[in-house]
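With the hints as constraints, model all of the structure from the sequences given.
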Amino acid sequence: MYVRIAGVVLLFGLSLFFCLCVSRMERGRVRQTEGFLLLLRYVRTQISCFRTPVQEIYGSFRNPALSECGFLDALRQYGFPEALDRCTGRLYLDEEELKTLSAFGRELGRSYCEDQIALCDYTLEQMERAFDRRREEAPKRTRVAHSLVLTGGLMLILVLL
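Take 36 as the starting number for the sequence shown in our numbering and just add one per residue.
The hints are simulated quantities; they were obtained by calculation from the structure and are not laboratory data.
Bear in mind that the values here come from a model prediction, so they are computed numbers and not experimental data.
Cβ atoms here follow ideal geometry from the backbone N, Cα and C, with glycine treated the same way.
Heads up, some of the hints might be wrong.
Pair ranges (Cβ atoms, derived) [to be verified]:
#, residue 1, residue 2, range
1, Met-60, Asp-108, 16 to 26 Å
2, Val-38, Arg-76, 50 to 60 Å
3, Leu-189, Ser-146, 55 to 65 Å
Shown next, in the form of structure tokens:
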């Protein structure tokens, strides 16, 4: 009898833990997308106002969400495209966003200032759309995931009883 109760408590606790993990992941998705948006704005400002070299721009940018996943360290060490490749497993970006950012990273610093600003504007527009979509979808996705995880956990508890 005590073993069953312990099993029920354990399964329910695991379900709550998975709900917490899903919530953290969704918040991380929004925070990382916002971090890339802030990075793009910073790059654009540094290029248009001060004509700062790309490596100096990377060295002076700070963002907690991009630091946590290791992207900023990789960015400073390897450059934009290589940092994206190295951190792909830790970034919560979809394929389209990765393609957009990868194209941005490959072209940045290889053309005239006006072309780089236009590239920044285009990439900013794409990432702003992605950020707005993520921010809007995050609560819905979290609620659905919580419902599925808790329902699955409760069904498993009922089956095992």
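Handout entry: Met-60 paired with Asp-108, Cβ distance criterion 16 to 26 Å
Key = holds (21 Å)
Exercise for the section: Could you check the hint for me, namely that Leu-189 and Ser-146 are 55 to 65 Å apart, CB to CB? Expected result: For Leu-189 and Ser-146 the Cβ distance comes to about 57 Å; the hint holds.
Practice task
State, for the Cβ atoms of Val-38 and Arg-76, whether the hinted interval 50 to 60 Å holds or is violated.
Solution key: holds (57 Å)
In this structure, none of the earlier numbered hints is contradicted; all agree with it.
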